[in-house]
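Participant: Taken in order, these protein sequences are the chains called A and B. Using the numbering used here, you'd call the opening residue of the first sequence number 1 and step up by one each time. Using the numbering used here, you'd call the opening residue of the second sequence number 688 and step up by one each time.
Treat each hint with caution, since some may be false.
[Stated by the list, open to error] Per label pair, the in silico range of CB-to-CB distance:
(1) B/Leu896 / A/Asp94: 51 to 57 Å
(2) B/Phe753 / A/Arg434: 51 to 57 Å
(3) B/Thr787 / A/Glu183: 15 to 21 Å
(4) B/Thr787 / A/Gly636: 58 to 64 Å
(5) B/Gln950 / A/Glu183: 36 to 42 Å
(6) B/Gly887 / A/Val140: 54 to 60 Å
(7) B/Leu896 / A/Val140: 45 to 51 Å
(8) B/Pro1002 / A/Ala20: 20 to 26 Å
(9) B/Ala791 / A/Glu183: 20 to 26 Å
(10) A/Asp192 / B/Gly887: 26 to 32 Å
(11) A/Pro151 / B/Ala780: 55 to 61 Å
(12) B/Ile840 / A/Met187: 31 to 37 Å
[To be verified] A short, non-exhaustive set of chain A residues, derived as facing chain B with CB atoms under 10 Å:
(13) Asn6
(14) Arg13
(15) Ala20
(16) Ala22
(17) Val25
(18) Thr33
(19) Met36
(20) Glu188
(21) Trp190
(22) Glu193
(23) Gln195
(24) Ala196
[As the list claims (entries may be wrong)] Capping the alpha-carbon separation at 16 Å, the derived lysine to aspartate or glutamate pairs in EDC-like fashion look like this:
(25) B/Lys788 / A/Asp189
(26) B/Lys788 / A/Asp191
(27) B/Lys821 / A/Glu10
(28) A/Lys156 / A/Glu202
Simulated from the structure, these hints should not be mistaken for lab results. Remember, predicted model here, so these are calculated numbers, not experimental data. Just so it is clear, CB atoms sit at the ideal spot from N, CA and C, and this is done for glycine as well.
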Amino acid sequence: VTELKNLKLELDRFRLRIIAAAVFVLVGFGLLTARMVYLQVLHHEELSTRAESNRIAVVPIVPNRGRIVDRNGVVLATNYTAYTLEITPSKVDDLDATINSLGEVIEIQTRDRRRFKRQLEESKSFESLPIRTRLSDEEVARFIAQRFRFPGVEIKARLFRNYPLGETASHLLGYIGRINQTEKTAMEDWDDEAQANYRGTEYIGKLGLEQSYETELHGITGFEQIETSAGGRAVRRLASQPATPGNTLVLSVDIKLQAMVEELFGDRRGALVAIDPRNGEVLAFVSKPTFDPNLFVDGIDVDNWRNLNESIDKPLLNRALRGTYPPGSTFKPFMAMAALTTGKRSASTIIQDNLVFNFGGRNFGSPETDRPGPKDMRTAIVTSSNVYFYSLANEMGVDLIHDQLMPFGFGRKTGIDMEGEVTGDLPSTEWKRRKFKRPEQQKWYAGETISLGIGQGYNNFTMLQMATAMSTLASGGLRFEPRLVREIEDLVTREKRTVSSQALTPLPLKPENVAVIRDAMNGVAISGTSARVFAGAAYQSGGKTGTAQAVGIRQNEKYSGARMAEHLRDHSLYIAFAPVNNPQIALAVIVENAGWGSAAAAPIARRVFDYVLTGQMPSVEDIALTQKGLTMAPVGTPRPKDTVPLPMGTATSVALGLVPLAAAEPASAASATSGVAPTASAPGSLP
Amino acid sequence: MSHVFDRPSLWQRLQPVLTGFDGPMLLGLLVLATLGMTEMYSAGFDSGTRFADHGRNMLLGALIMFSVAQVSPQRLMRLAVPLYTVGVALLIATALFGMTKKGATRWLNLGVVIQPSEVLKIAMPLMLAWWFQKREGQLRPLDFAVAAVLLVIPVGLIAKQPDLGTSLLVLSAGVYVIFFAGLSWRLILPVLLAAAIGIGALVATGDDLCQDGVQWPVLREYQKHRICTLLDPTKDPLGKGFHIIQGKIAIGSGGITGKGLMQGTQTHLEFIPERTTDFIFASYAEELGLVGVLGLILTFTFVLMRGLFIAAEAPTVFTRLLAGSITLSFFTYAMVNMGMVSGILPVVGIPLPFISYGGTAMVSQGLALGILMAIARSRRLMQS
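Just chain A, same shape as in the assembly (with noise of 0.2 Å):
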C-alpha cells in the first residue's frame, strides 16, 4: 500500500512540473508575443517608413591591397586607379539593349561582354559590374555627357594592380587575378568573418607572395549604409566604417641583385636561391625564364596563355620552389660532412683512387679530367674524386646517408613562405617502399647507393633545398625556414612587425668538422674546379661545382655534349658561401642544359658575391657574355650598384595608358588564369 502511495505521490509531483513546464512554455511565448507587438504595431510606422521609402543598401568598401617593395624599399607590387564602367543589372530593364546603346557611345568588345555575362551568373542582381575597364579620360568624359540616357550604368574608380618591373621576380610575387568558382567554393568553408572581408573583393592571389601573403595583403573591408531612394538614387550615407589598407610586404629580396641574376641567365633556363646563412633571408629567389605578371592581372588574354603554357621553356613553372635535380656532386661536401659526424671516414683517411670503382661486377666511372692517385677528404672534394664518394656511399649504406642528410633539409620542405613546395627525394630503403607500387621494384639494392654518393641515382632536389643545406653547412649547423618577407608593415599604424625566420633547432656539427668541409670548398675556390671563376676574388669563398645528368647515358656509350640535343645536356649546378670565415651569403645554382658546372653555374655565383660583398655589379660587356656562358672571372671593369639603375618593364606603360591593351579574342580569362599553377614535372630528374 505504501509503495501505491509513493506511486500516486511522485505522479503528482510530476504533474505539478508538467504544470510549470506549461507556465515555462506561456511565459516565454507571452515574452515573443510582447516583443511581436513592440515591433508590429508600437514601431510599426517607424519600421514600414525604413522598409518601403527607404532602403538601406550596405555597400562594401574595398581596401587597397597592400603593396610589395623589396628590402631597400624598391615597389614590386603596388595599385593605380582607372576608371570602370559599371552596370547594376537590377536597376536595368533590358541588359542587352543597354549594352548595345553603350557600345555606341564606348567601345565595348566581345571579350568584355562575355567578362560581364559571367559575373552576371556569379553575382547578386544589386552588385555593381564592369562592362569596361581602364577607360581613357576621353572616354569617360564622352559617356558622362550622355549619362542620362543610362539609368544604373555609372563610372567608377576602381584599383588596379600593377608589377613596375614587369618580367622581373615574376615567380618571386606571383600575381592576382579574379576570384574564380574554385575559390568561391573553397571561401565557403572560411569562417563567417573572414568571408564578410571578402564582400566586394573580386581579385585574389593566385601564385607566389600575392598568395602566401593573401590575407596580410588583402586589408579590412569597410563599409557604407547608403540610403537609397525608391528609385535606387544614393539619398544620404548613415554610416560608414572606411577600409584599412592591406599591409606592406618587405621582403629580404634584394631586387636589383634579383635583377641583375636574372640578366645573367639571359635566355638560359634555370633557378638560384640566395640566403643569408646568420638568419635564413632569403636575398634572391631566381626561376627563370620569368612572364610578366601584368598581362593576368585582368584576365590573361588566349594568345598569351598559349604562349606562356605551352611553351618548351616552361616558363609558369617556378623553378626555384618546384623543379628538382639531382645535384650531382654538390652531394659531395654533405656526404664528407656525413662521414665525419659518423666517423665512417676522418679527414685524414686516404682512399685510392684509380678512377673506376667496382661493386657486384659493374664499373663506376670518373670524368675523364679526373686524375688517379691517393686522395683524402680534402682533395677528393677539391678534385671531385668520384671515386672516393662512391666507396663512402658503399660504406655508409643508404639509410644512414638518408639519416645523416635529412636534417640538412634534403627531401622535404624546408617551411618557406611560399606556398607549393615539393619535397624532392631522399632516398632510402623505407622511401622505395612508399614510392614504388610492385614489390620486385620496392626493394633497395645496394648496387643503387654506390651512385648516391656523387649526388646521382634517386636523390633529386629543388635549389631552394639546396641552398638551404649551404646555408646550414656554412654557418655551422644554424637552421631555419626560410623567409623571403622580411617585415610586415601597417600601413595606418606604420607598425612594422618582423617575419624573422623561424628558427630550427641547430644541427649539432663540430666546428672541427665544419671547418675540414670550409676549408676543402675554399680549395674548390682557389685551386680547384672553380678557381678560374673565382681568380682575383676580393673575399675568401667556398663552393663544388656539379654536373647533373638529365639524360642517362647507357653504358659504353661517352657523352658528348655538343652532340646532343641541348635539352638533353647535362645541367650545370654550383653550391657556394662566402666568405669562408664569417659566411654572410650561401647560395644554390642550376643553369638547365649548360653543361659543366664551372662553365655556367659559377661564373654567375661569382657575380653574385661581388654585389653583396663588394657592392660592384659586372660591366655590359660582361653580362653579353656571362649570358652566353663564356667568361670565368669578371672581365671589363665593375660597376657599383648605386650607379646602375633597375630594369623597368612594360608594365608602368600600360598603366599609364600609353600603350593599347592587347585584346584578341579570348575567352573566358578567368578559366585560363584558374589553370595557372604549373603542375611541375621534374626537369632534369634522371629517367
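Given the coordinates of chain A, work out where chain B should sit on it, guided by the hints.
Facilitator: Chain B in isolation, oriented as in the chain A frame:
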C-alpha cells in the same frame, strides 16, 4: 465460408497501424505544416524549387513519424543505452579524427560524412529517461549526480568542437529530463535567479564588456561577438548585425495584418538573408503580420500543451520523462528561432520547426514527434 471469418479483413489488419494516433496533436501538426508550406511558397517562389523540396522533406518527416509511432516504448527503452554509447563514441572519434570546416571539428567521415552531435539530440533524453526508470522508487540525490555526469560528457564534447548551438540543445534536452524527474526546486531556483541577474548585468554593461580586447571567460571570441551584436546590431552591419537589423525591419513593417503573401519587400528584395531557412520567421511576420504570428504562436502553444498532456498521461517513468523532454525541446527550437529573428536572443543557427527549410531538421523532428506519438498510443492501447 468459414475461412472468410477466420481471415481478418484488410481494414482489420491495418487498423492497429493506422489508428490510435493522438488526434489533437495530429491536427496541430497539420496546421503547422500548412503554415510552413504556405510561407515556403511565398518566400521561395522566386528562387528555385524550395517549395517542392520542402514538401518532400515534410512527407519524409511524416513517414518517419508514422513508422516510429509503431514502435513500442519498451523497445525504445532498449535502444537507449546502445544509442547513447554509440553517440558518445562517435563524438570522441570526431574529436580525434573529425573533419574541420570553418574552424569547427563537427563532422566524421565514415564513407558518408555524418555529424554525430545530431544523434545525441535524441539519444540524450532517451538515456536519461532510461536511467531514471531504472532508479524508479529508489531515487536518491546521488542519482541526479550520475545523470548530470551522463549529460555533461557529450555536452562538453560538442561544446569543444565548438558548436555552441547544438550543445545548448542537447544540454536543454537533458536538463528537461532531470527537471521532470523531480530535481529539487532548491537547486533549480538559484540557477534561474543567477541567470536572470547575469543577463540583466550583461544588458546593462554591454557597452563596456563588448570593447575590443576584453576577454570573456568560457566563451570564444566569435561567441562574444554574437552576443555583442545582439546588444548593438549597428556595430556589425555587414555580418550578423545586418541579419538582425533587416529581420527587425521586416517584422515591424509587416504590422498587424501583414503585407500579404509574396508581397514582402524585405523578403523579395533580398534584404533578409536565409529567408527560407533560419530567418523565414522574418518573412512570415512581414507577409502575414501580427495576426499570422499570433496564429503561429497559438498553434505552437496548442501542440506543446498537447505534448505536455501526453506526458502527464504516460504510463511509465521512462515515457513520462521522454515525452516531457521532447515537448520542451520542441518549444526550445521554436522559441530560440523566433527569439533570434525578432532580436531578443543571440543568433544561433537553429531552424523553426515545420516552417524552415531543411531535410536534417525535418528528419529529426519526425523522429522526436514519432516517439511522442508512440507514447500517446501506448497509453491508449493500455486503456482499451
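Participant: Does each hint hold? Answer for all of them.
Facilitator: Checked hints:
In this structure, leucine 896 of chain B and aspartate 94 of chain A meet the distance hint of 51 to 57 Å, their C-beta atoms being roughly 53 Å apart. Checked against the hint of 51 to 57 Å, the pair phenylalanine 753 of chain B and arginine 434 of chain A passes, with Cβ atoms roughly 54 Å apart. At roughly 19 Å, the beta carbons of threonine 787 of chain B and glutamate 183 of chain A sit within the given window of 15 to 21 Å. Taking 58 to 64 Å as the suggested C-beta distance range, the pair threonine 787 of chain B and glycine 636 of chain A conforms, at roughly 59 Å.
Between glutamine 950 of chain B and glutamate 183 of chain A the C-beta distance comes to about 38 Å, which sits within the given range of 36 to 42 Å. The hinted range of 54 to 60 Å is satisfied by glycine 887 of chain B and valine 140 of chain A, whose Cβ atoms lie roughly 58 Å apart. For the hinted restraint 45 to 51 Å between leucine 896 of chain B and valine 140 of chain A, the CB-CB distance of approximately 50 Å keeps it satisfied. Range check, proline 1002 of chain B to alanine 20 of chain A: Cβ separation about 21 Å, and the 20 to 26 Å hint holds.
Checked against the hint of 20 to 26 Å, the C-beta distance between alanine 791 of chain B and glutamate 183 of chain A comes to roughly 21 Å, which is consistent with it. At about 28 Å, the CB distance of aspartate 192 of chain A to glycine 887 of chain B agrees with the hint of 26 to 32 Å. Here the CB-CB span from proline 151 of chain A to alanine 780 of chain B is close to 58 Å, well matched to the stated 55 to 61 Å. Between isoleucine 840 of chain B and methionine 187 of chain A the beta carbon distance is about 35 Å. The supplied range of 31 to 37 Å therefore holds.
Of the supplied interface hints, the one on asparagine 6 of chain A holds, with its beta-carbon coming within about 6 Å of a beta-carbon of chain B, less than 10 Å. For arginine 13 of chain A, the interface hint holds, the least distance from its beta-carbon to any beta-carbon of chain B being 6 Å, beneath 10 Å. The criterion of a C-beta within 10 Å of any C-beta in chain B is met by alanine 20 of chain A, whose closest approach is roughly 8 Å, and the hint holds. Restraint check, alanine 22 of chain A versus chain B: the minimum CB separation of about 6 Å is within 10 Å; hint holds.
Among the interface hints, the one on valine 25 of chain A holds; its C-beta lies about 5 Å from the nearest C-beta in chain B, closer than the 10 Å criterion. A hinted interface residue such as threonine 33 of chain A counts as satisfied when its beta carbon comes closer than 10 Å to some beta carbon of chain B; here the least separation is about 6 Å, so the hint holds. The beta carbon of methionine 36 of chain A is positioned within 10 Å of a beta carbon in chain B (closest approach about 5 Å), and the interface hint is therefore held. Annotation: glutamate 188 of chain A was flagged as interfacial toward chain B, and the flag holds, the nearest CB pair being 9 Å apart, inside 10 Å.
At a threshold of 10 Å, the smallest CB-CB gap from tryptophan 190 of chain A to chain B is about 7 Å, leaving the interface hint in force. Because the beta carbon of glutamate 193 of chain A sits about 7 Å from the nearest beta carbon in chain B, less than 10 Å, this interface hint is met. The closest approach between the C-beta of glutamine 195 of chain A and any C-beta of chain B is roughly 9 Å, which is under the 10 Å cut-off, so the hint is satisfied. With its C-beta approaching chain B no nearer than about 5 Å, alanine 196 of chain A sits inside the 10 Å limit, and its interface hint holds.
Between lysine 788 of chain B and aspartate 189 of chain A the alpha-carbon distance is near 6 Å, which keeps this suggested pair within the 16 Å criterion. For the hint linking lysine 788 of chain B to aspartate 191 of chain A, the alpha-carbon distance of about 8 Å falls within 16 Å, and the restraint holds. Restraint check for lysine 821 of chain B and glutamate 10 of chain A: satisfied, since their Cα atoms lie roughly 15 Å apart, inside the 16 Å limit. Proposed proximity of lysine 156 of chain A and glutamate 202 of chain A is supported: the alpha carbons are some 15 Å apart, at most 16 Å.
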